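**Student:** Chain by chain, the residues:
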Amino acid sequence: MRNELILAILALVILAAEIFTTAGNKHKIITWSAVLFAAATVAGFLPHPEGELFGGSYRTDQMTVVMKNILNLGVLIVFLQSFDWLQRKENHDKISEYFLLVITTLMGMDFMISSGDFLMMYIGLELATIPIAALAAFERFSSKSAEAGIKLILTSALSSGVLLFGLSFIYGTTGSIYYADIAPQVAVNPLQTLGFIFFTAGMAFKISLVPFHLWTADVYEGAPVNVTSYLSVISKGAASFTFLIILYKVFGELLAVWQPLLYTLALATMTIGNLFAMRQDNFKRFLAFSSIAQAGFILLGILQAGNLGSTSVVYFVLIYVFTNLAVFGVVSAVSHATGKENISDYKSFYLTNPRLSLTMLMGLFSLAGIPPVAGFFGKFFLFTSAASAGYYILVFIAVLNATISLYYYLKPVRAMFIDKTDTPIATFRTSLPTRISLVMCLAGIFLVGFMSIIYEFIHAASFGL
Amino acid sequence: MNILNLFVIIPVVTMAAILFTKDLRGARLVSAVGMGLQLIAAVVLIFSFFALRKAGDSAEFLFYSDVTWFESLNIHYAIGVDSIAVWMIGLASVVVFAGIFASWQMEYLSREFFISLILLATGVFGFFISLDLFTMFLFYEVAVIPMYLLIGIWGSGPKEYSAMKLTLMLMGGSALLIVGLLGLYFGSAQAGEVTFNLLELSRINFPVTMQRFFFPFLFVGFGILGALFPLHTWSPDGHASAPTAVSMLHAGVLMKLGGYGCFRVAMFLLPEAANEMAWIFLILTTISVVYGAFGAIWQKDLKYINAYSSVSHCGLVLFALLMMNQTAMDGAIIQMISHGLMTALFFALIGMIYSRTHTRNINEMGGLMKVMPFLAVAYMIAGFASLGLPGLSGFVAEMTVFIGSFQHQDLFHRVITIIATLSIVITAVYILRVVGKILLGELQNPEHQKLGDALWFEKLSLVLLILPIVAMGTLPLFLSNTILDALKPIVERLTAMI
Amino acid sequence: MSFQYTILILLIPLACFLINGLVGMKFKPLLSGILGTAGLGIIWLLSLFTAYTYFFQVGQVNGEFQKIVVINAEWLRFTDKLHIDMGILLDPISVMMLVVITTVSFMVHLYSIGYMHGERGFQRFYAFLALFTFSMLGLVVATNIFQMYVFWELVGVSSFLLIGFYYDRPSAVAASKKAFIVTRFADLGFLIGILVLSYFTGTFDFIALTGSDQSIFASGAAASFMGLSALTWAALLIFMGGAGKSAMFPLHIWLPDAMEGPTPVSALIHAATMVVAGVFLVARMFPVFFFQAPAALELVAYVGGFTSLFAAIIACTQFDIKRVLAFSTLSQIGYMMLALGVSGYGGHEGLGYMAALFHLFTHAMFKALLFLGAGSVIHAVHSNVMQEMGGLRKYLPVTHLTFLIACLTIAGVPFLSGFFSKDEILVAAWQSNKFLFAVEFLVAGITAFYMFRLYFNIFWGKEKTYAHPPHESPLTMTIPLVLLALGSIFAGYLPFSELISSDYKPFETTLHLSVAIPSVLIGLAGIGLAMLFYRRESTLPDRIAASLGSFYKVVLNKFYIDELYLFVTRKIIFNYISRPIAWFDRHIVDGTMNGIGWVTETSSQKIKGLQSGRISQYGFVFAIAAVGLALVFIYFIN
Amino acid sequence: MIEGIPMQHLLIVSLFMFFAGVCGFIIRKNMITILMSVELILNAVNINLLVFNKYLFPEQLQGHFFALFVMGIAAAEAAVAIALIINIYRRLNSINVEEVTEMKY
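Protein chains in written order, with my numbering: chain V, 1 to 465; chain L, 1001 to 1498; chain W, 2001 to 2638; chain A, 3001 to 3105.
Hints in this document: simulated from the structure, not taken from any laboratory. Please note that a few of the clues may not be correct.
Stated by the list, open to error - Mimicking DSSO-like on lysine-lysine, the simulated pairs with C-alpha atoms at most 30 angstroms apart in a straight line are:
id	chain 1	residue 1	chain 2	residue 2
1	V	K411	L	K1022
2	W	K2606	A	K3104
3	V	K144	A	K3029
4	V	K411	V	K340
5	W	K2434	W	K2558
These numbers come from a predicted model, not from an experiment.
All chains should be built: construct the whole structure from the sequences, respecting the hints.
**Tutor:** Printed below as a string of structure tokens:
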């Protein structure tokens, strides 16, 4: 509960600050809220009691704490990266809105993660969705941004409707909305299967699994870069955590249903995501599809339905946070400095901005799962967990997909290092916060893989069916 | 501290040091020093290894050390070498050192070039020292990836295409590998805890059905890197587009990772399946031996000729491995080393000639013997080595392979051996064709009249490669005997069930 | 006494090669020449000494010559039984070969100081000569068949280097390439033969292979493949290797072209030493052939006989003097092969064996002499085409005289060495195979004819006007001529059958007048015919040639064998095998790889409609997917 | 007052409403209407929850509470959605869903 409380207080503080600061020094809010949030992140690592609240509607244990900390870390990096953007004039009067919305959504995700019943989980889900629609439409004067907002809100409304419809059947068949009470009564029968699959559809929408992914690319492209990075990393991560927990804790009995289900979804997601990503030139859209493909890999971990699975998923998301945010950091830095967001604009980027392009290189290699950077370990352990469940063919197809993904992850590399152009992006200097964030990401990319202690720590907290 | 760690530490330190250099002079100096140290370390390793052996240490792997890494997954950083690995390390360090000098004048982005080159080397060394399949695979991938940048940035011709093709095909190979490795990993559960440790895995007799399933994954996965027909097509383009040092390293050392993995992992750990399926791959390798040689005859580009001959020679390596008797496998290992040296020599020479004549088309050159005698003689030596002239390494390798393979009791194996021997004539044909066209005869292009001979660093790198070739060719006994000893356990395991 | 010092016979040439090869360029040309010659002089004396001690002092123990293994060091181990050793084996034939090689090589070294004077790459030339001598010596003293193969290859490559000595002459390059590849092809047979032999006998060692214990061959004799026993196959394949080096038909095509090399090289390699390696090989393996593969031995005889006739006929039509000599070499080697082929084993049965090696010995002398003489002529007139010569006898007296001696010797004129050896061969042939005897008898006549055609065309015939008057060669060239002339006169008087025999036991031979007289007569007839035609300018030969018409043309073009080979290699190998493979690799194999990429690309293009950007469609897909999945799973899982 | 109506009927109604909503979402072009059809779906859900609660588990009120929350959240959702729709209207002078297809493929 501590984390949520801190976030709530933080939100209130920012609200107050918004009210009491004069227009002249609104920009101070940026620094302050970043600093405060950093403090909150640190606080998250303090030891935390396990337990239940509200008669089981809210539960917390080591794993949820780990998950929340991962999310906090990610959000901190996102905040650092959005400095340049927020300091623009047109955003001047929306600074605190941004922080407010992000923090509330984060709170919603925390609730999702440590929810003890479906009501809480639903509230968290909506709390984590609706404000994001506002965030996506944040740039009031860009039609793309508006389109992103409307697409997100409408489709998510549909999906949560379907999800609820499914839940209603779960409730009807088990007579309870509490995980603890539902779990023993779950059994493979038509109504529950129907309910479960509708529920899965809703979650798949949040994790953006094929074929429930269609909103992703458009929203990612339309939303401001930092919002996109937030969407692609934090909300995706939170959703997959929640999905993992609910599958393991509630629908364990439906294993026979959801293993084949996830199998198909994983195949579809990886393949379609890759096929679409191959063609993209807009960096945000490119990363959108790449993140879809990555979601497919996450399912490989969930499939395993054991400690290995949960560990590898959480571990992968941790790495994914650093990796993806490294790439997004560079993209946002570039787009704020020059407004260019296309891969083809990055030609001979290395000659002008070697540091940034090396960061990008590391990020892309890590996304593709190439050693020695962390992505390799993350992917390898996902494959391991899938293989331990005996899905060797799935693993093989997954690795082939990883190969295809390498093909398109190398396209920016080629642009930056190989292709020549007369008009490269001019050399520019990134702001301090961005640099800090990138350093954090690089440190993560390099250390998380080799420092097995992190993996072991997660494993200690992990849970299975 | 375990001397083997040096082979990972030195390159990493060197790379770090290069970061602090200003320009080409600094970078090449630092990397030359670093790789020189590496070479010294390799020599020391060889001597101390055989000193221990002489002292009667008969453990299968010496300098063994084992650090737990991912405890819950029982993944270790386990290193150790037997004499095969030792010789491979020696080969690698020679080729790398020579490669540094071959790229002495790499003007464009020189620091980056040397860093990626040495990263490649790191992967190679790590692969040879590691005994834990996870670390082995990790280093394998490390070795594969810098290739893209090296070829893509510093290459020539259709470099993006070649680089992409090479990277993707090798990655496809590792796709197969991952499955195979995981299969072994979880298969080892039957003997208690799951493990990636080669030694522990080698004590397990996996059920045959499981072996049947996973052997193709592992063998083909490594085979792709070993240019197994028909999955060799990355190699001609890749080698043709790659810069000199990279072709040297890739054909010289990296392709050996394939063969090495094939017997150290695939065949050694899954013997029954290996025996069952050998015939399929024997046919494929026989094809690639002859086919590669014939393919080379028609080529006009020097690098393509050499790439195809590499296909043929590496095919011979796999061919001999699959014969699964001590002599043939011994021949395979010697062939790996010998081919590594001579193909590196070839690519170095081609690079040097190209940097002077700016063409690799054999019809546009001729009579170079007059203008660059040193290079020409070196080229002839390389040629003779590759067509198996006694006194040079190629002969020893090929003879051991053929004698060994022909000792096989089964008529089929003897027949394909005879088919494979055809390659030595074809090799002679294309080697002499090239030598006759570009080195001998009238001076084709008057422009070439004023070209200079090799410079000191070029001579150095060439001599570095020629010396071991001659040494192996004249006094092979020690090398071959040590390899035979190291092969004993492997062959025993392979032939246990026959 | 011990023969340890014989190791020097190998090491000294090697040292000469290394010194001249690595640092020779620093020397004055003459210095390296003298160095090489001196080295050869030493080993010449050494081997003469060895021969003396072996044959007349220690070699013979209670009536049988011993096989003495001086040293035998393991070089490469395959299995416990199979290992390549490097060593020195002394027995009559190897000692005899030592003498032959060192003698001729020494002469050639000496001769070349004059002949090659002022050539580019003088040091290189001497380096290669030394390399060749080393390899050839290593070949003859080999203790096991694999060592022989090793040096066999080295001999091949040094011959390649020497033929291609003038590497800026395309013709020379082509010739060297041809020689190397043809012999290489033959060596493939040799190698496979070794493989088969070693597979069945489990040893490379000559002592074991040629020893009295025949049990090791049991399995090989039993195993049969395509109707012939495995050992027969082995023997045939090994003979293939020998035929390649000795330029037996149909693998002879490289030898005439090899004349592109400097003349001394032709004398050394392509007359006296390397080309008889095949004969030596068969002689070395003779027991195996005789006891295990009589069929193969018979083939040897016929191939030899055919080649000798075939080459002799061609020789009559050639105009390049070196080519004439080359073909005569072919035909003479044919003689030796035939002799081996018809030979029996032991005592007088083994006459052919002895005769072959006897002829090898004498032939080395007079053929080397012929080549060196020809070289001296070429040196004088700067041409090697007959029509540009004539009446040289008064310009080159020494050359003329020695050349005449050589011609008489080869023509088998009595009391010269050639007479004795050839007589033995004919006798051996007569004893076993009348048909082959007839052939050889005929060839004897033809030989005499073309040799004297050559002789008269060079030294008699019509006076030519020379740009600058020819003059006799320097001493360094004439001395070897004289020495070799003496050799070819007196070599015949050696009691050869006392020294060399198939079963290492000396035996007696006598002159068989019944065979000798007719052969002498036909020889004289050939000489007379030649004199009639070419003594002085006459149109007779042309008229005869014209009357022969197309046959003459065919012969002139060496029966179009080269063209045939050219067709096979160029057309078949290049165009119909190699080119399709290259194409197949680029388009089919590689095409598949690119095809996979293409398929992925296009499919990603095709499915982009899924992402139409329309909310309604998104909702549609969402709903359909959810409901569809639900139905599928409800239906299948329950 | 709903005694005598078997549960199935009500479920059928809700199912019908649900699919009506889904179809509306798909077919309708006007965003407001789409929003309304989403509301239809949510109401179908509410009916389900209430019916199950009333017929099967009358002793607890979890279904009722759930329905209440759903309504509330639906209201919030609608508010934000309408705000965004207005935003769209400002940009495109139209709230036809077919016209917000700038980003595709």
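**Student:** Evaluate each hint against the coordinates.
**Tutor:** Checked hints:
Between K411/V and K1022/L the alpha-carbon distance is near 29 angstroms, which keeps this suggested pair within the 30 angstroms criterion. For the hint linking K2606/W to K3104/A, the alpha-carbon distance of about 14 angstroms falls within 30 angstroms, and the restraint holds. Restraint check for K144/V and K3029/A: the C-alpha separation of about 19 angstroms stays at or below 30 angstroms, so the hint holds. With a CA separation close to 17 angstroms, the supplied pair K411/V and K340/V stays within the 30 angstroms bound.
The straight-line distance between the Cα atoms of K2434/W and K2558/W is roughly 27 angstroms, inside the 30 angstroms bound, and the hint therefore holds.
Hint compliance for this structure: no hint is broken.
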